Amino acid sequence: MAIKSGNETLVAERKEPNSSTLYERISQVPDVRGRFGLYGGKYVPETLMFALDQLEKVYQEAKNDDIFQQELSRYLREYVGRPSGLYFAERLTKEAGGAKIYLKREDLNHTGAHKINNAIGQALLARRMKKKRLIAETGAGQHGVATATAAALFGFECRVYMGAEDVRRQELNVFKMRAMGTEVFPVHSGSSTLRDATNEAMREWMSSVENTHYIIGSVVGPHPFPMIVRDFQSIIGKETRQQCLDQFNRLPDVVLACVGGGSNAAGMFYPFIEDKEVELIGVEAGGRNSNAGEHASTIAFGSPGVLHGSLSYVLQDEDGQTANVHSISAGLDYPGVGPEHSFWHDQKRVEYKTVNDQQALEGFRICSRLEGILPALETAHAIYETMNLAAKRGKSEIIVLCFSGRGDKDCAEVARLEKQ
Amino acid sequence: MNLHTNRSTEMNLPQKISAVFTELRSKKQTAFIPFIPAGDPNLNATGSIISALPRAGADLIEIGFPFSDPIADGPVIQAAYTRALNQGIRVESIFEMIHHLSSKPGWKTPLVGMVSYSLVFRPGVSKFLTRANQSGLSGLIVPDLPIDEAEELSAAVREHHLDLIMLVSPLTPIDRAAKIAKYSSGFLYCVSTVGITGERTELPSSLQAQLKSIRELTSLPLCIGFGISQPSQVQRWKEYADGLIVGSAIVRRLEKANEIGMDSAQSEIVEFVQEFSRECKIR
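Residue numbers (this note's numbering), protein chains in the order written: chain Z, 1 to 420; chain B, 1 to 283.
Hint data in this document are derived by calculation from the structure and do not stem from the laboratory. A quick note: this is a predicted structure, and the numbers were derived from the prediction, not measured. Incorrect hints may have been included.
[What the hints assert, rightly or not] In the DSBU-like style, the derived pairs of lysine-lysine whose C-alpha atoms are separated by at most 35 Å in a straight line are: (1) Z:Lys-63 <-> B:Lys-179; (2) B:Lys-179 <-> Z:Lys-130; (3) B:Lys-182 <-> Z:Lys-57; (4) B:Lys-179 <-> Z:Lys-132; (5) B:Lys-127 <-> Z:Lys-348; (6) B:Lys-212 <-> Z:Lys-130.
Make the full structure from the sequences, and use the hints.
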């Protein structure tokens, strides 16, 4: 399929999924060129093509190598603590007064979030490629901590790029990374947030590509990253699917997850893509309001563009300059979104909704009080939407929320906001 | 003066890029190609510097279009882009500045735009190229567009009478370099080192071997970029290359405009370009 520039051509075709073959087609991506429908690809300097080709080759080998897969499973089981539980949130359910709410407890993983699933997987790939050093970008710091953890576990040298603004917001995670021997590199360029940290990590990778592996933390960036990260995170959806079949003898009615770059959502949704009876809902950060610069709702307000090596929905101005974004949660504060999410949106396979800062805080409070679980502010967005939705649905319905991370890292920020 | 007529029908035209290299080759000289980021500190200053460069010995001039997330550029150029964007620079105003330069009576020096693909994609390839051609640009370098994604753009540049200058890196295998050369016109941009734009004191010696083998598969002029910062580097490399591109070392001089004033910064840049181009012209 030819890739055409200009917005009209791209946004034009949104298809209503209606046949099972279409659902299969939606799950059989990316193609050999790294395309999810129109999205994805490799928009990177020539210097990086070598590393991307090498990574793709090694990944394909590893994917089909039983020893690699067994090793990965062992670390996920014995080190990360998988499988994570599927927990019935009885009091949230009662409060909402409708559908049953279940939480897929990624917050119980070692390091407190889903990010570790991908970090361990990619660190094993880096070892397979005989690279000595890891670099990563981080927003909330969860991916940075996960990468620092994998680096310590496997003995890699490690540097994490983090926007100077996020270094301030996420002091605890900065401490954790440093404690594990990782160098935290504050990025002052541009807007000093996740997007600038990503630019910096990509640049650094270009000059060190021969001995360094770049662990991208979300389903973004050039091919093969969106595919690799999705695959490593798909353990979430695979387990959830099986747990539902075991516990309820059927699949859930709705599955929800928050979406920044979209890795926990991609990992949760992907194994359900062909189950057309399962409704999938992604929740983006609505920030303060819907004015440009005040939110991070890329799919709701963005348009197709090129950022960080792939074609996907992007928040940008008429010239193609990336827009500033805002979210209360550092992990959702990103102007792009994974290309597969753009594809799912266009294909109408996943519905994307928006939850704002105040609503997310409400989600944080209600979950803390009623369940004794402090959620990450990213997760809190999805909690709010889940409560909303559960209230509208019948009691026999089952809603599963991807509980992507724990809230310790956000306690100081929430306390600061409550004082204001 | 109508900004929206097709440049190829106008009387006053910059030389074709290929013509510049043919002429230099016949004189056994090396092209000197300075890079200037548009809009730092403002577009008037950019126009003023660029208009002084042909007389200082620039054979082609590369104009950087500021982009918010330039993954191929080093800190010096990114900082210049950030300064320009903070002033609210728009793509259209850059085209207007270029048009103003290229339609000056007697203007011959080809101007090449260095543009991130996001800026080309957003308005649409055809619309962007139409404006590029109308403004008098001779070619485009899109540093984040490898051949694998360049199908649409490389077909369209021909229709718009523009050259597309693609990049080869030290990590590019030779059969891939051959493909890249096929997609390119004007010249081939040979990245000297693995990494981003920026100044370096030494270029790797493996570059010689790579240039020699690329020479065997294409007749396109080969220009070296990334990491050239001193006129003393010229003699060593002119034997292998048809042109030398200097960016960060110029931008660093431009950065000083705030302290020493624009006029002094401009004179420093002009002198620097003169020095480089003198070395390039010595046979």
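For each hint, the structure was consulted:
Between the alpha carbons of Lys-63 (chain Z) and Lys-179 (chain B) the distance comes to roughly 30 Å, so the proposed pair stays at or under 35 Å and holds. The hinted pair formed by Lys-179 (chain B) and Lys-130 (chain Z) meets the criterion: a straight-line CA distance of about 29 Å does not exceed 35 Å. A hinted pair counts as satisfied when its Cα atoms are at most 35 Å apart, and Lys-182 (chain B) with Lys-57 (chain Z) qualifies at roughly 26 Å. Between the alpha carbons of Lys-179 (chain B) and Lys-132 (chain Z) the distance comes to roughly 32 Å, so the proposed pair stays at or under 35 Å and holds.
At roughly 30 Å between alpha-carbon atoms, Lys-127 (chain B) and Lys-348 (chain Z) fall within 35 Å of each other, so this suggested pair holds. At most 35 Å may separate the alpha-carbon atoms for a hinted pair to count; Lys-212 (chain B) and Lys-130 (chain Z) meet this at roughly 31 Å.
Consistency with the previously given hints is maintained throughout, with no hint failing.
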